[in-house]
Amino acid sequence: MSNNLVEIRWHGRGGQGAKTASLLLADAAFNTGKYIQGFPEYGPERMGAPITAYNRVSDTPIRIHSNIYEPDYVVVVDDTLLESVDVTAGLKENGAIVINTTKDGEYLRKVLNGYKGKIYTIDARKVSMETLGKYFPNTPMLAAIIKVSGIMEEGAFLEDMKGSFKHKFAKKPEVIEGNMKALEMALTSVQEV
Amino acid sequence: MSIRERLSGNEAAATAMKQINPDVVAAFPITPSTEIPQYFSTFVSNGSVDTEFVAVESEHSAMSACIGAEAAGARAMTATSANGLSLMWEMIYIASSLRLPIVMSLVNRAVSGPLNIHNDYSDAMGVRDSGWIMLFSENNQEAYDNLIMAHRIAEHKDVLLPLMICQDGFITSHSIENIELIEDEKVKEFVGSYHPQHYLLNDKEPMAVGPMDLQAFLFEHKYEQAEAMRNAKKVILEVAEEFEKMTGRKYGLFEEYKLDDAEIAVVCMNSTAGTTKDVVDALREKGIKAGMLKVRVFRPFPAEEIAKALSHVKAVAVLDKSDSLNGAGGALFEDVVSGMYVNGNNVKALSYVYGIGGRDTTTKDISSVYTDLEEVVKTGNVGNPYRYLGLRKE
Chain A
1 MSNNLVEIRW HGRGGQGAKT ASLLLADAAF NTGKYIQGFP EYGPERMGAP
51 ITAYNRVSDT PIRIHSNIYE PDYVVVVDDT LLESVDVTAG LKENGAIVIN
101 TTKDGEYLRK VLNGYKGKIY TIDARKVSME TLGKYFPNTP MLAAIIKVSG
151 IMEEGAFLED MKGSFKHKFA KKPEVIEGNM KALEMALTSV QEV
Chain B
1 MSIRERLSGN EAAATAMKQI NPDVVAAFPI TPSTEIPQYF STFVSNGSVD
51 TEFVAVESEH SAMSACIGAE AAGARAMTAT SANGLSLMWE MIYIASSLRL
101 PIVMSLVNRA VSGPLNIHND YSDAMGVRDS GWIMLFSENN QEAYDNLIMA
151 HRIAEHKDVL LPLMICQDGF ITSHSIENIE LIEDEKVKEF VGSYHPQHYL
201 LNDKEPMAVG PMDLQAFLFE HKYEQAEAMR NAKKVILEVA EEFEKMTGRK
251 YGLFEEYKLD DAEIAVVCMN STAGTTKDVV DALREKGIKA GMLKVRVFRP
301 FPAEEIAKAL SHVKAVAVLD KSDSLNGAGG ALFEDVVSGM YVNGNNVKAL
351 SYVYGIGGRD TTTKDISSVY TDLEEVVKTG NVGNPYRYLG LRKE
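Residue numbers (our numbering), protein chains in the order written: chain A, 1 to 193; chain B, 1 to 394.
Chain A on its own, in the form it takes in the complex:
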């Protein structure tokens, strides 16, 4: 078993791109030479229903095949989940949670059942609207978890994502710049509360 294993759990709602974000994270980590897993937990798939996705990132091959119950990091893509889903369940206290929200620290500590680890927030709506003109929270949240977890160096991450976007948006090159700006803005605007 590897000691360098990092486990991340994503909470979002169907249609917000949490699954896509987990796959992009896996891609980015893979491109820096890591062993990765990226998988969603499939339930009844409907727009707006709570969904969970997972990442494992390691320097050595990953053999375990189960969901993640004691994550190092949790990413919450939609803060309306905070009152209905136990997002900090099993979250390690030396880990952290990253939330897309404009709510204050006092509210968050309360709604997270007194979680003692670090809490980071980012207004992914603001980042997305300012850079893309539309609300796509997954791109800023991806940058936020890279920043908080430190699983890869920011420069390498941005460089890799530029390549991914060029490939992904080959037919819509006009959106590449906005997505890159969203990542850069997210890296600087995520903050600990």
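What the hints contain is simulated information worked out from the structure, not anything from laboratory work. Backbone N, C-alpha and C define an ideal beta-carbon position, used for all residues, glycine too. Misleading hints may appear alongside valid ones.
[Stated by the list, open to error] Below, a sample of chain B positions facing chain A; criterion: calculated Cβ distance under 8 Å:
{"id": "1", "residue": "M1"}
{"id": "2", "residue": "F170"}
{"id": "3", "residue": "E177"}
{"id": "4", "residue": "E180"}
{"id": "5", "residue": "S271"}
[As the list claims (entries may be wrong)] Output of the computed footprint for chain A on chain B, the stretches with three or more beta carbons under 8 Å from beta carbons of chain A:
{"id": "6", "segment": "67-73"}
{"id": "7", "segment": "353-363"}
[As the list claims (entries may be wrong)] Distance condition first, Cα-Cα at most 30 Å in a straight line; then the derived BS3-like pairs of lysine-lysine:
{"id": "8", "chain 1": "B", "residue 1": "K277", "chain 2": "B", "residue 2": "K364"}
{"id": "9", "chain 1": "B", "residue 1": "K289", "chain 2": "B", "residue 2": "K258"}
{"id": "10", "chain 1": "B", "residue 1": "K234", "chain 2": "A", "residue 2": "K168"}
{"id": "11", "chain 1": "B", "residue 1": "K289", "chain 2": "B", "residue 2": "K364"}
{"id": "12", "chain 1": "B", "residue 1": "K234", "chain 2": "B", "residue 2": "K250"}
{"id": "13", "chain 1": "B", "residue 1": "K393", "chain 2": "A", "residue 2": "K92"}
{"id": "14", "chain 1": "B", "residue 1": "K308", "chain 2": "A", "residue 2": "K92"}
{"id": "15", "chain 1": "A", "residue 1": "K171", "chain 2": "B", "residue 2": "K18"}
{"id": "16", "chain 1": "A", "residue 1": "K103", "chain 2": "A", "residue 2": "K134"}
{"id": "17", "chain 1": "A", "residue 1": "K162", "chain 2": "B", "residue 2": "K18"}
{"id": "18", "chain 1": "B", "residue 1": "K277", "chain 2": "B", "residue 2": "K250"}
{"id": "19", "chain 1": "B", "residue 1": "K204", "chain 2": "B", "residue 2": "K245"}
{"id": "20", "chain 1": "B", "residue 1": "K364", "chain 2": "A", "residue 2": "K118"}
{"id": "21", "chain 1": "A", "residue 1": "K103", "chain 2": "A", "residue 2": "K118"}
{"id": "22", "chain 1": "B", "residue 1": "K308", "chain 2": "B", "residue 2": "K289"}
{"id": "23", "chain 1": "B", "residue 1": "K234", "chain 2": "B", "residue 2": "K245"}
{"id": "24", "chain 1": "A", "residue 1": "K134", "chain 2": "A", "residue 2": "K168"}
{"id": "25", "chain 1": "B", "residue 1": "K348", "chain 2": "B", "residue 2": "K289"}
{"id": "26", "chain 1": "B", "residue 1": "K234", "chain 2": "B", "residue 2": "K186"}
{"id": "27", "chain 1": "B", "residue 1": "K222", "chain 2": "B", "residue 2": "K286"}
{"id": "28", "chain 1": "B", "residue 1": "K378", "chain 2": "B", "residue 2": "K364"}
{"id": "29", "chain 1": "A", "residue 1": "K116", "chain 2": "A", "residue 2": "K134"}
{"id": "30", "chain 1": "A", "residue 1": "K166", "chain 2": "A", "residue 2": "K118"}
{"id": "31", "chain 1": "A", "residue 1": "K92", "chain 2": "B", "residue 2": "K364"}
{"id": "32", "chain 1": "B", "residue 1": "K18", "chain 2": "A", "residue 2": "K166"}
{"id": "33", "chain 1": "B", "residue 1": "K233", "chain 2": "B", "residue 2": "K222"}
{"id": "34", "chain 1": "B", "residue 1": "K18", "chain 2": "A", "residue 2": "K172"}
{"id": "35", "chain 1": "B", "residue 1": "K364", "chain 2": "A", "residue 2": "K116"}
{"id": "36", "chain 1": "B", "residue 1": "K250", "chain 2": "B", "residue 2": "K233"}
{"id": "37", "chain 1": "B", "residue 1": "K250", "chain 2": "B", "residue 2": "K289"}
{"id": "38", "chain 1": "B", "residue 1": "K186", "chain 2": "B", "residue 2": "K204"}
{"id": "39", "chain 1": "A", "residue 1": "K92", "chain 2": "B", "residue 2": "K286"}
{"id": "40", "chain 1": "A", "residue 1": "K181", "chain 2": "A", "residue 2": "K166"}
Given chain A, work out where chain B should sit, using these hints.
What follows is chain B alone, placed relative to chain A:
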């Protein structure tokens, strides 16, 4: 040099099919294997394969089209899951009894009902006596590697049996993981082209396929099928040896993990084996002599070899991801214990039914099995051998 990639299990299977470039693929989409024909149909559209893709209206027709294609002399493949395999049922037996080496990618899912789209082996276990070779795969890499080896085994003149490659629905089929791909040319050379000895489109040898076969000869033909299945064991190992020379990746009938000096062992298949390896390592750190045996080749069943590999352990637990509903134990359990009994091995054995309908199997679950095994060794008492793992208590 192999190609470092990251693919889901379904992408891995579709990629293997692309590199194999079979003459015919006939498939009907069903979760969780849908992506395999979906990806493959894009390979057909963009010209990266020259396969005839038959988009049929049901799985019964998918298997029928594969049978027709193979009988005509073509190499045919398909993919399915759960109820799709159920609908093929009639044709599954016809494929094997006509000795047509069709290759199927089976992404394991619970057979209804009630409706469940998640992983267990009720689909595969339903066809375990149908005369198909069945290989199981721990992860995307093994699903890919097994497919690359499949035609060499199935089409071998001493075998000529259809073959299915199983992997876990969602758990590996939809998980993106690292994989080492083999270069296209190497795969092409390894798999080779298909030259059947007898085939319908050979105008030099007019023949009928699948006519009436009554009291006079059906028995002998079934014996030949059984003989072919026995032959397959040797062929599977020969092909694996050649595959190892090409890739460095070693495959046997089963994989032993820290089993040499183990006192307690778990027997399992597919992705559970990866989770179990992590548990074995954790137990070894505590000085507990735990081991694992992962069954790769389920049909033909390597009864003698497994009995030998387990002969030195004090207690073994066999994990079945489907319940045979026979009141006595899971299918893999029964095969393992009957194999041990016939080979004079009297190791204490427990049957665990687990993971039904996609119930997640954690390292804690697997650890609890080893704890149970330690208890059996300590007391010498098996108690109830027919157990459930991860069942709700309330």
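Comparing the hints with the structure gives:
The criterion of a C-beta within 8 Å of any C-beta in chain A is not met by M1(B), whose closest approach is roughly 16 Å, and the hint is violated. The interface hint given for F170(B) is met, as the beta carbon of that residue sits about 6 Å from the closest beta carbon of chain A, less than 8 Å. Proximity of E177(B) to chain A holds as hinted, the smallest CB-CB distance being about 5 Å (cut-off 8 Å). Of the supplied interface hints, the one on E180(B) is violated, with its beta-carbon coming no nearer than about 11 Å to a beta-carbon of chain A, more than 8 Å.
For S271(B), the suggested interface contact is upheld, since its CB lies about 4 Å from the closest CB of chain A, less than 8 Å. Check result for the segment 67-73 of chain B against chain A: violated, 0 residues qualifying (beta carbon to beta carbon below 8 Å, three or more required). With a cut-off of 8 Å between beta carbons, the segment 353-363 of chain B has 4 residues touching chain A; three or more are needed, and the interface restraint holds. Between K277(B) and K364(B) the alpha-carbon distance is near 13 Å, which keeps this suggested pair within the 30 Å criterion.
Between the alpha carbons of K289(B) and K258(B) the distance comes to roughly 8 Å, so the proposed pair stays at or under 30 Å and holds. Restraint check for K234(B) and K168(A): not satisfied, since their Cα atoms lie roughly 46 Å apart, outside the 30 Å limit. Between the alpha carbons of K289(B) and K364(B) the distance comes to roughly 17 Å, so the proposed pair stays at or under 30 Å and holds. Among the hinted pairs, K234(B) with K250(B) is consistent with the structure: their alpha-carbon atoms are about 15 Å apart, no more than 30 Å.
Straight-line distance between C-alpha atoms of K393(B) and K92(A) comes to about 27 Å, which keeps the hinted pair within the 30 Å bound. Annotation: proposed proximity of K308(B) to K92(A) is violated, straight-line Cα distance about 44 Å (limit 30 Å). A distance of roughly 25 Å separates the Cα atoms of K171(A) and K18(B); the hinted pair therefore holds under the 30 Å criterion. Pair hint K103(A) plus K134(A) holds up; C-alpha atoms about 21 Å apart against a cutoff of 30 Å.
Of the pairs offered as hints, the one joining K162(A) and K18(B) holds, with about 29 Å between alpha carbons and a cut-off of 30 Å not exceeded. Pair hint K277(B) plus K250(B) holds up; C-alpha atoms about 17 Å apart against a cutoff of 30 Å. For the proposed pair K204(B) and K245(B), the alpha carbon gap of about 38 Å is over 30 Å, so the pair is violated. Distance hint between K364(B) and K118(A) is fulfilled; the C-alpha atoms sit about 27 Å from each other, no more than 30 Å.
Annotation: proposed proximity of K103(A) to K118(A) holds, straight-line Cα distance about 15 Å (limit 30 Å). A threshold of 30 Å between alpha carbons decides the hint, and for K308(B) with K289(B) the separation of about 18 Å falls inside it, so the pair holds. Of the pairs offered as hints, the one joining K234(B) and K245(B) holds, with about 17 Å between alpha carbons and a cut-off of 30 Å not exceeded. Taken as a hint, the K134(A) and K168(A) pair is honoured in the structure, with Cα atoms around 18 Å apart against an allowance of 30 Å.
Between the alpha carbons of K348(B) and K289(B) the distance comes to roughly 16 Å, so the proposed pair stays at or under 30 Å and holds. Our distance criterion of 30 Å between C-alpha atoms is met by K234(B) and K186(B), whose separation comes to about 23 Å. Straight-line distance between C-alpha atoms of K222(B) and K286(B) comes to about 51 Å, which puts the hinted pair past the 30 Å bound. With a C-alpha separation of about 21 Å, the suggested pairing of K378(B) with K364(B) holds against the 30 Å cut-off.
For the given pair, K116(A) sits about 34 Å from K134(A) by alpha-carbon distance, which is inconsistent with the 30 Å threshold. A distance of roughly 34 Å separates the Cα atoms of K166(A) and K118(A); the hinted pair therefore is violated under the 30 Å criterion. About 17 Å separates the Cα atoms of K92(A) and K364(B), which keeps this hinted pair within 30 Å; it holds. Under the criterion of a C-alpha separation no larger than 30 Å, the hint pairing K18(B) with K166(A) is consistent with the structure, at around 25 Å.
About 18 Å separates the Cα atoms of K233(B) and K222(B), which keeps this hinted pair within 30 Å; it holds. Annotation: proposed proximity of K18(B) to K172(A) holds, straight-line Cα distance about 28 Å (limit 30 Å). The hinted pair formed by K364(B) and K116(A) meets the criterion: a straight-line CA distance of about 25 Å does not exceed 30 Å. Proposed proximity of K250(B) and K233(B) is supported: the alpha carbons are some 16 Å apart, at most 30 Å.
Restraint check for K250(B) and K289(B): the C-alpha separation of about 24 Å stays at or below 30 Å, so the hint holds. Only pairs whose Cα atoms come within 30 Å are accepted, and K186(B) paired with K204(B) is rejected, the gap being roughly 33 Å. Between K92(A) and K286(B) the CA atoms are separated by roughly 23 Å; this keeps the pair inside 30 Å, and the hint holds. With a C-alpha separation of about 14 Å, the suggested pair K181(A) and K166(A) falls inside the 30 Å cut-off, and the hint holds.
Of the hints listed earlier, those the structure fails to meet are numbers 1, 4, 6, 10, 14, 19, 27, 29, 30 and 38, in rising order.
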